[in-house]
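As you go down the protein sequences, you meet chains A and B in turn.
Each residue of the first sequence is one higher than the last, beginning at 4 in my numbering.
Each residue of the second sequence is one higher than the last, beginning at 4 in my numbering.
You can trust all of the hints, since none of them are fake.
Taking lysine-lysine and the DSS-like style, the derived pairs with C-alpha atoms no more than 30 Å apart in a straight line are:
#	chain 1	residue 1	chain 2	residue 2
1	B	Lys161	B	Lys106
2	B	Lys123	B	Lys106
3	A	Lys161	B	Lys13
4	A	Lys198	B	Lys26
5	A	Lys123	B	Lys13
6	B	Lys198	A	Lys26
7	A	Lys198	B	Lys13
8	B	Lys161	A	Lys13
9	A	Lys161	B	Lys198
10	A	Lys26	A	Lys91
11	A	Lys161	B	Lys161
Some but not every residue of chain B turned toward chain A, in silico, with C-beta under 8 Å:
#	residue
12	Ala35
13	Pro36
14	Phe37
15	Gly38
16	Glu172
17	Ala174
18	Glu176
19	Met181
20	Asp182
21	Ala188
22	Phe196
23	Arg197
24	Phe204
25	Ala205
It is worth saying that the hints were derived from the structure and are not from the lab.
Quick caveat, the model's predicted, so the values are computed rather than measured.
The beta carbon of each residue, even a glycine, is placed where N, CA and C say it ideally should be.
There are 2 protein chains.
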Amino acid sequence: MTPKPGRRPKPDRLVIASHNSGKVREIETLLAPFGVAVVSAAALGLPEPEETGTTFRANAELKAVAAATAAKLPALADDSGLAVRALKGAPGIYSARWGGAAKDFNLAMERVQRELGAAKDRRAQFVCALSLAWPDGFCETFEGTVDGTIVWPPRGDKGFGYDPMFVAEGARETFAEMDPDAKHAISHRADAFRKLVAAYFAA
Amino acid sequence: MTPKPGRRPKPDRLVIASHNSGKVREIETLLAPFGVAVVSAAALGLPEPEETGTTFRANAELKAVAAATAAKLPALADDSGLAVRALKGAPGIYSARWGGAAKDFNLAMERVQRELGAAKDRRAQFVCALSLAWPDGFCETFEGTVDGTIVWPPRGDKGFGYDPMFVAEGARETFAEMDPDAKHAISHRADAFRKLVAAYFAA
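In isolation and in its complexed conformation, chain A is listed as follows:
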């Protein structure tokens, strides 16, 4: 298959630049039909680079490029989180650490609610940046987003992270109350993933 101008050919082996085994398994499942063999950064003993970027995109790119360079193989990384408008985009790239070093999302959600206080503007956006990089530093990024509002108290026990306090535009249920298939139809992560698959794998 001939890639589009400026686009590399589809990789048949891929490092997943994540030390989260659930995330690695999920990506492996989604790419398996396209004949892509997946290996995790953890399995290769790669270090986790410091996330020094100031945007989701910058952090996804630096993780993907670091893994691709170290492994001498194409690598895929994601960076995602919740951006609350009245908090000037916080927790944003600090989403995972907003509840402290133990990554306690109950604390993180309480902090979002506390900082919002009586703010009338409850608008928020989930963002996912997915970067595919090669050992020479070439990198392409796909972004997905979903708009919604922050609700309190949190509701639902599906999903993870800030899902229990996020209601997508038009929805009544929180992301943590939605059936996974329904969430996948509109989520930021699924959106970014479909763009990546359409560009590189199902093309």
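Chain A is fixed; fit chain B onto it per the hints.
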């Protein structure tokens, strides 16, 4: 919420113009987060109209309009199938009946393979038309497609219909070998559904 010009407001009750209980359940799951109460045409005792259209879109629209008119409620219908290029688009709107009155898809797949014979062009497309209609006859249709090729022999036991003989562009596995989450990321039906949800429900 204000609908776009020419678009009706989001319905909070919906008739699913299908007598297939699996399809009704699937649609109910996907729409539940948006506060849509779903009832099947079968539960309302609505008759199944004759599918006299010559395109997927025409059949989806006539089914949706017939159900909406009879039930005096908004109604959703789909029509989908496989279009094989070297067979001039067959089985197309006859996809379900291509294997005979008993809807035997093993026979239907054998017929596709037999009619293709030694044809070099194995290209095919799955198409899904999803129509949302109101009792006054207003109707909007969303189409999803996925390009691929016909393989023989069939492979895989997931999915249904022609899935075992269809390999999407870029993929190695057939639709019947793919994990459902991976299939949903690229399928014609998921594509049409996301367009409907984006236009009417998550908006």
